[in-house]
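A.B. asks: Here's the letter readout for the chains.
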Amino acid sequence: MTPGTPPTTPASRPLTVALDKALDTPFTHGTLASLPEWLRADDTCDVDIRAIGGPAWTGRLHRALALRPRAVLLSRPTPAPPETVKELAALADAAQVPVVVDTPWALHPATTDVVPALRAAAAQAALIEVFTAADVPPAHAFLDQLALVRATAGALDSLRVTRLDARGHGGSAQCGSVPVSFSGCRSGIGTTDTRLVLRGAGEQWRLDFAAPSSARPATVVRIDADGEHLLPTRYETAHRAAWRHTHAAATSGTAAPSTLHHLAADLALFPVEALSA
Amino acid sequence: MSTLGVGFIGAGPVTQAIHLPHLAGLSDRLHIAHVMDVDPGTAAAVAARCGARHSSSVEELLADDGVDVVAICSPHAFHAEQAVACARAGKKAVLVEKPFATTTADAERIAEASVETGVPVIVGAMHTYDPAHLAAEEHWGDLPDTARHIRSVIQLPPNARYEALATQLHSLPQPPPQRDLSDPAARAAAISGSLLGLAIHNLPLVRRFLPHVEAVDTALLLRPFGYRVTLHGPDGRTAELIGHIGTAWRPEWTFEVWGAHSELRLDFTPSYVRAGSAEATVRTPDRTLRFGPYQHNGYDAEWLHLADLADGTAPPRHTPGELVADLRYATGLAALAGTVLRQQGVAT
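Which chain is which? The protein sequence lines are D and L, in order. So for the first sequence, the working numbering puts the first residue at 1; every next one is plus one. So for the second sequence, the working numbering puts the first residue at 1; every next one is plus one.
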């Protein structure tokens with residue numbers, strides 16, 4: 001069944017959604033319009049789901065949790081102190097409010113479809129590398145990369161940041177015994193290019209992501225002794241997938257693949273000077 | 001029209017699997033006149049394949065009047081002495097396989113001999129001759145000045161896979177000895193050898209876009225053979241070099257640059273196989289230009305340039321001073337990476 005297809009017995013009503021100002025955009029409206037049986041932007045009544053985004057999001061998330069919605073979608077969080085995020089995660093747990101973290105590569109359907117196979121291959125890789133060229137602040141791109149590697153390869157043991165400035169970022173880490181490299185370049189050419197590559201003696205994988213603002217599919221290729229296998233394309237943005245996960249969390253308590261706990265763990269690896277970026 | 005005679009110093013796998021097939025495909029310009037190898041049996045066997053004369057001494061090869069152009073494919077340590085001898089012997093042109101020499105001083109000796117004798121000497125940096133690369137160069141504008149980040153990726157299956165498609169080797173080379181990478185000095189030597197053996201194919205391109213290396217930031221050895229090295233220049237531009245030779249069949253040989261106003265991507269074909277030129281893409285906010293693939297790869301173009309040099313119909317594409325600078329860059333980078341790995345790297 002195509003993700004987002006409503007059940008044969010429809011819900012009694014769509015869940016109401018209140019959008020932060022930063023998310024009250026045509027892009028979000030267009031996404032919600034693709035899930036009309038499940039979600040509807042409407043903050044004139046009791047709100048089921050609150051969507052938080054934009055800078056200084058920690059304070060607004062704190063206030064949103066106090067309102068005890070059925071779920072929260074935290075969209076593209078910027079770097080923040082990990083202690084603060086841990087406190088928010090604990091607060092959400094205590095309030096039993098699931099928080100789904102919307103991140104462009106880890107939540108991309110092309111990624112979530114293949115996580116078990118990627119994890120198995122990653123453990124055998126000689127190198128896991130992730131690269132981004134995009135016109136976004138490098139600290140944000142770096143954080144999105146950490147989420148992607150956490151989702152596909154597992155938790156990192158350490159992170160050594162060799163560069164993080166206005167033009168790009170670089171770092172290296174270990175995931176078990178496998179080295180992981182991170183790099184990125186802020187590029188204003190107009191193309192967005194994020195790649196995850198597993199190099200090694202066994203299966204190789206290559207995930208090429210397009211800009212997260214459109215549903216242009218990622219290219220996912222598995223290379224093994226039998227050839228190069230292009231996996232089925234998925235014309236869905238990570239943002240829409242995040243809304244699906246949020247709906248599932250609100251209605252059936254399904255755990256999301258990207259949570260505040262994951263975000264806190266990624267931010268704990270970040271250099272302190274980058275946390276206010 | 002008569003063709004130029006080529007003499008080979010060293011008849012190992014690179015000569016047999018790369019140069020001989022490429023020259024056979026350029027038989028309207030060049031022919032193999034003489035094969036020299038310190039192993040007389042190898043010299044005779046390889047020469048017999050192409051109807052050439054053979055010997056086991058450089059002196060015999062240089063005394064052969066049928067040799068117009070010399071290709072030096074011997075162990076690296078002999079390159080300088082042999083290249084200088086070729087220039088002094090008055091040959092029409094000399095190709096020195098990578099690396100140019102093992103020290104900058106030796107490279108300078110070759111350059112001086114080339115300038116003094118007027119005998120053009122080039123290095124077998126085939127990608128600098130690749131037609132798609134050269135076509136892109138005409139259109140990449142200020143990218144060398146505005147480059148921010150460079151990526152060089154060389155991922156290949158074991159050489160034997162492509163060698164077997166290019167030729168039938170007279171004898172198989174000995175595998176390199178196993179090294180104890182728990183020893184910091186061995187790790188440093190391994191990363192240095194990896195850069196000078198594999199990364200060096202793209203290093204002249206890297207130098208073009210990151211001309212001064214201020215520091216190597218990370219250096220890592222990969223299993224079973226490979227490296228990842230990151231570096232930066234004094235103006236903040238960065239580069240990452242990844243090389244990996246494993247058992248997987250899928251090759252990747254790419255060189256990419258992101259600049260302030262444009263981006264460059266070169267997809268090269270593997271060595272050994274005669275699969276044509278790279279495919280090049282130059283991208284700006286307004287348009288994307290694509291070049292190639294062209295019929296000739298970098299090796300073909302390199303040999304055609306040598307023929308033009310020998311005929312006196314073209315000036316050298318790279319001056320001797322640039323070749324020395326390329327070697328200085330490569331050896332300096334290898335030394336820096338070795339130092340980093342000795343201090344902090346761990347073989348995995």
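Calculated from the structure, these hints are not laboratory results. Because the structure is a prediction, the values reported are computed rather than measured. Fair warning: there could be bad hints in the mix.
Estimated spans, in silico, between C-beta atoms of each pair [as the list claims (entries may be wrong)]:
id: 1; chain 1: L; residue 1: Thr103; chain 2: D; residue 2: His261; range: 52 to 58 Å
id: 2; chain 1: L; residue 1: Glu214; chain 2: D; residue 2: Ala255; range: 42 to 48 Å
id: 3; chain 1: L; residue 1: Asp180; chain 2: D; residue 2: Ala166; range: 39 to 45 Å
Per the computed footprint, the stretches of chain D lying under chain L, defined by three or more beta-carbons under 8 Å from a beta-carbon of chain L, are [stated by the list, open to error]:
id: 4; region: 15-29
id: 5; region: 47-55
id: 6; region: 58-71
Here a beta-carbon is modelled for each residue, glycine too, at the ideal position from N, C-alpha and C.
A.B. asks: If I claimed the Cβ atoms of L:Thr103 and D:His261 lie 52 to 58 Å apart, would that claim hold in this structure?
C.D. replies: 55 Å, holds
A.B. asks: Does the hinted range 39 to 45 Å hold for L:Asp180 and D:Ala166 at CB?
C.D. replies: 43 Å, holds
A.B. asks: For the region 15-29 of chain D, count the residues whose Cβ lies under 8 Å from any Cβ of chain L; is that count three or more?
C.D. replies: Since 0 is below three, the answer is violated.
A.B. asks: Report holds or violated for chain L covering the region 47-55 of chain D, Cβ cut-off 8 Å, minimum 3 residues.
C.D. replies: Three-residue rule not met by the region 47-55 of chain D, so violated; n is 0.
A.B. asks: Do L:Glu214 and D:Ala255 keep their Cβ atoms within the hinted range of 42 to 48 Å?
C.D. replies: 46 Å, holds
A.B. asks: With a cut-off of 8 Å between beta carbons, are at least three residues of the region 58-71 of chain D near chain L?
C.D. replies: violated (count 0)
Hint compliance for this structure: hints 4, 5, 6 are broken, all remaining hints hold.
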